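Fit chain B to the known structure of chain A by using the hints.
Heads up: the sequence lines are chains A and B, in that order.
The first sequence begins at -8 in our numbering and counts up by one.
The second sequence begins at 590 in our numbering and counts up by one.
Because the hints were derived from the structure by calculation, they are not lab data.
Remember, it's a predicted structure, so these values are computed and weren't measured experimentally.
Heads up, the beta-carbon is just placed ideally off N, CA and C, and yes, glycines get one too.
Be a bit skeptical, because a hint or two may be false.
[Unchecked claim] To be clear about the criterion: a stretch of chain A counts as covered by chain B if any three or more of its residues have a C-beta under 8 Å from a C-beta of chain B, and this derived list gives those stretches:
#1 17 to 28
#2 65 to 72
[Claimed, not checked] Here are the simulated distance ranges between beta carbons:
#3 A/A93 <-> B/W668: 38 to 46 Å
#4 B/W668 <-> A/R96: 45 to 53 Å
#5 A/E62 <-> B/W668: 47 to 55 Å
#6 A/R89 <-> B/R676: 46 to 54 Å
#7 B/L1040 <-> A/R51: 32 to 40 Å
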Amino acid sequence: MPAHRTDLLQGTLDMLILRTLANGPMHGFGVSVRLQQVSRDVMRVNQGSLYPALHRLERRGWIQAEWGNSENNRRARFYTLTRSGRKRLDAEAENWERLAAAVNRVMRPA
Amino acid sequence: MRPIAALLGMFRRRQGGGRDADLDAELQFHVEQQIEANRRAGLGPDEARRRALIDLGGLEPVKEACRDERRGAFVATLWQDARYGARLLRRTPAFTVSALATLALGLGAGTVLFSLTDAALLRPLPYDNPQQLVQVWDTNRELSIPRIGVTTGNVVDWRRRTRTLSGVAAWYVMGRTLRTDNDAVVIPTAMVSADFFPVFAAPAGRGRTFTTEETERSLFNSAAAPVGTDPVVVISDRLWRGRFQGDPDILGRTLSLERQEFRVVGVMGPAFAMPSESIDLWIPWGFPGDQPRDQHYLQSVARLKPWVTLAEAQSDLEAVAAGLEREYPDTNRGWRPVLVPLHEEIAGDARRVLVVLLAGVGLLLLVGCANLAGLQLVRATARGRETSLRLALGASRARLVRQHLTESGLLTLLGSGLGFVVAAVALGAARHWGAESIPRLSEAALDLRVLAFALLVATLAGLALGVAPALAGVSAALPVRLHETTRATAGPGPRTWRSAFAAAQVMAAFVLLAGAGLLVRSYTRLLARDPGFDAERVLVMPIFLDTRQYSSGARTRSYYGELERRLAALPGVESVGGATALPTSPLGPDFERPVWDAALARDPASERQADVRIATPGYFDTLRIRVLRGRGFTAQDSPDAPLVLVINESLARQIWPGQDPVGRRLSVDYSTAGTYPYEVVGVVGDVRFRGLRSGPRPEIYMPHAQRPYLVLNFAVRTTGEPEAMIPAVRQALREVDPSQPAHSITPLGDLVRATVKRERFAMNVVLAFALTALLLAIVGLYGVLSYSVRQRTQEIGLRLAIGAQRRHILGTVLAEGARIVVPGMVVGLAVSLAVMRSLRGLLFGVGAHDPPTLAAVAVVLALTGFVATYLPARRAARVDPLAALRHE
Chain A
-8 MPAHRTDLLQ GTLDMLILRT LANGPMHGFG VSVRLQQVSR DVMRVNQGSL YPALHRLERR
52 GWIQAEWGNS ENNRRARFYT LTRSGRKRLD AEAENWERLA AAVNRVMRPA
Chain B
590 MRPIAALLGM FRRRQGGGRD ADLDAELQFH VEQQIEANRR AGLGPDEARR RALIDLGGLE
650 PVKEACRDER RGAFVATLWQ DARYGARLLR RTPAFTVSAL ATLALGLGAG TVLFSLTDAA
710 LLRPLPYDNP QQLVQVWDTN RELSIPRIGV TTGNVVDWRR RTRTLSGVAA WYVMGRTLRT
770 DNDAVVIPTA MVSADFFPVF AAPAGRGRTF TTEETERSLF NSAAAPVGTD PVVVISDRLW
830 RGRFQGDPDI LGRTLSLERQ EFRVVGVMGP AFAMPSESID LWIPWGFPGD QPRDQHYLQS
890 VARLKPWVTL AEAQSDLEAV AAGLEREYPD TNRGWRPVLV PLHEEIAGDA RRVLVVLLAG
950 VGLLLLVGCA NLAGLQLVRA TARGRETSLR LALGASRARL VRQHLTESGL LTLLGSGLGF
1010 VVAAVALGAA RHWGAESIPR LSEAALDLRV LAFALLVATL AGLALGVAPA LAGVSAALPV
1070 RLHETTRATA GPGPRTWRSA FAAAQVMAAF VLLAGAGLLV RSYTRLLARD PGFDAERVLV
1130 MPIFLDTRQY SSGARTRSYY GELERRLAAL PGVESVGGAT ALPTSPLGPD FERPVWDAAL
1190 ARDPASERQA DVRIATPGYF DTLRIRVLRG RGFTAQDSPD APLVLVINES LARQIWPGQD
1250 PVGRRLSVDY STAGTYPYEV VGVVGDVRFR GLRSGPRPEI YMPHAQRPYL VLNFAVRTTG
1310 EPEAMIPAVR QALREVDPSQ PAHSITPLGD LVRATVKRER FAMNVVLAFA LTALLLAIVG
1370 LYGVLSYSVR QRTQEIGLRL AIGAQRRHIL GTVLAEGARI VVPGMVVGLA VSLAVMRSLR
1430 GLLFGVGAHD PPTLAAVAVV LALTGFVATY LPARRAARVD PLAALRHE
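Only chain A is shown next, with the shape it has when bound in the complex (with noise of 0.2 Å):
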């Protein structure tokens, strides 16, 4: 049984996955490792529920894909962040800080 350490917020996983593409093109495994190794393990990616974003996020046009070929020369699909992709990114960036903050003065009050 897959072990969620802690779940994601609602709609958390879309803003990871285009914040991670920001980084240039990458695969579904290459996202999935690069989420695991940025969040060190705490919040485990359900896998089963990483693809249905991809193809989510790509029905909504923020993320491109293209067969290539992988690190080890094997076809695999690369995901590209659009351009309304990056802005997307951009206003939930924003809206998480603000989330973040006002959180954070309700559990730590000054």
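Coordinates of chain B only, in the frame set by chain A:
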């Protein structure tokens, strides 16, 4: 593994191929990378693979989720389910056709009946503020007259003295002869008072209605009265479009009615249907000055003032009537008006019929849906393995339930589409068969209201069809069932459901059969009732003689004498006679006058009311009305001979109980014609004048020679088929006076049957519903039991192999059938006892709980139930144990 591969193949086929291959490759890549990573972390190859798949949460669920995301989920899934469902429906044509037929018929019938009910009962009348309109009747408790028309004299005073009514319209209906160049027809005409159109607040569709002045100068209420100058007329939309072909210059044209030119001033809109839908002409009719208060021949509708309640208006008008009673005790003693909301008056008895029919169609729909739900359940169970597989592969239960619901939704959608077509056709048929049984039929249409109703019913049917099978099917399909063989027994859930559905069908069929049985018995009794006359082989024709041409009694007598001779001379005619009004014939003056024994003084104790008929000598013979004592009329009863009368049994009993009336003298207050004593020369049998349901009324007959009357209904008794004589009869009429047609020429039998038309309509419809329900119930029962036998073939084989008796197996299945039929019948009986009371108004001579009918229904259901059970039971008993076990 083969079925799984096949199933995967099926899944794949229904996705667009390329995209799915992409998804497969993408996930494949992910899994391989993860396996590699896991192996680098030190796991064995198998474990590495296992972990990789577990982390992903299974390939299929992820794919399914990705597909959902890609399509914008909801709509796409719906479309996908619908296509899948459509394919399934195509693959089982027998199920699909029967399901669609059931839905189409059930919904179609329901929609039509709702449309009729809506038009007759629910929809407001198409007049301004229709709730203010009330029909006014006169009643007299002292004379035990429950309901009769009102009088001109009283209407004038009601108008003057009321505080609660803004207008009191009055009219009477007659036939007027419209002549064109070479043709003459009798047109149903309403002679209407000045405030007739204002009371209905009905403007003309073209032109205008009458001015007060036009009404006041028109005096038509007496045959001899001079006709006012420049008479005017308003015509119906139907007459304008039909006879005048929608002539745009109709206004100002003149119509020749009884040799006088009437100027057309207006055409009413098509929706205006007062006093009835058959009226084509409205002629203004003034009744100024002193008017009689004892001739109750007027129909009347009044309008309540705004904010006045029915009760207030009723007590106001009663107070007015009490005042009139004090002022005119001779004519007004005991008379009180009664107000009935016009809407109720028009809907009348049709309410009962329609409510019964709606309930019937509801039950039928219930049976149909229960049947389909049962069938769906079989399919759901048959698809148990598919369902189990899909659950195992990660489909959520909600998703599968949704799939089932989409399928039944698709079925319902198609079925209701067809149902609407059926409704459109059936409405045409109802217009034909239901005419005269249902008021305001012309207003019935498949409009938005009806559409909304149909949609509501269709939705309910769809849910009924989908929910239970979906839930039962999915919950029964546990993952564990993958291990079972294809002939695994159904879980207890669906089987219980199916039995319940079958029992519900038996119940509804019982109720419908009971209703139909009661209606059939009652109708047969009605038809078997002796009407007091013989209507077979009799043609009747109402004749309204032209008031101007036949202005004297002598002329009228000579016309009818000549007509009688010519008709009697026709080959194939047995006898000829006429009377002012014929039993069950709607056209002709039907009025009553006070009568009393001439040997006594006139007072309330001696006075009785009797219906007056004026008849020719051949009348009693032609209608085969029995002459019980004395004689009928003869040629000797001439204008110069002493005045004579024939009375009927009922009146004889009232005036001279236990004595022979022949030779005694009866006084009749004949109003305008004066009050005289008449010698009673005969007593004839009672007739059911107002149809088979009605009771006899006290009657007097006067010889037409002594009391010539312009209107006569001629009756011709033929030796052969009456219809065949119609052309010859029409020719005879033309020969006597080409400008004087009969209103219509109809077999009297048709008119008699028309008095029970509503009963027949209700009976036929309920009977059709009941037989359909019975058929569906049998099919449902048979389906449940054969399915159950098929499911248990192995068990039965095993039991036979270890020594069970075949008749024991037979008994087991029969018992299973009985467990469905008996509770269904018991509940059906209980429901019947509870609801049949609502039929009471329609029934004649049969109690609502008529034990023979209920017993017959029980026997019919038990027998058909037994047959439906016996066939599968026999199959079960014939199971070959070896064959059944070898299948394992």
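Hint by hint, here is what the structure shows:
1. A stretch counts as covered by a chain when three or more of its residues have a beta carbon under 8 Å from one of that chain; for the segment 17 to 28 of chain A and chain B the count is 5, and the coverage holds.
2. Evaluation of the coverage hint for the segment 65 to 72 of chain A: fulfilled, as 4 residues show C-beta separations to chain B shorter than 8 Å, against a requirement of three.
3. A C-beta distance of roughly 42 Å is found between A/A93 and B/W668, which places it inside the suggested range of 38 to 46 Å.
4. Roughly 47 Å separates the CB atoms of B/W668 and A/R96, a value that falls within the hinted 45 to 53 Å.
5. A C-beta distance of roughly 39 Å is found between A/E62 and B/W668, which places it outside the suggested range of 47 to 55 Å.
6. Against the hinted window of 46 to 54 Å, the Cβ-Cβ separation of A/R89 and B/R676 comes to about 51 Å, which satisfies the hint.
7. Range check, B/L1040 to A/R51: about 38 Å between beta-carbon atoms, so the 32 to 40 Å window is met.
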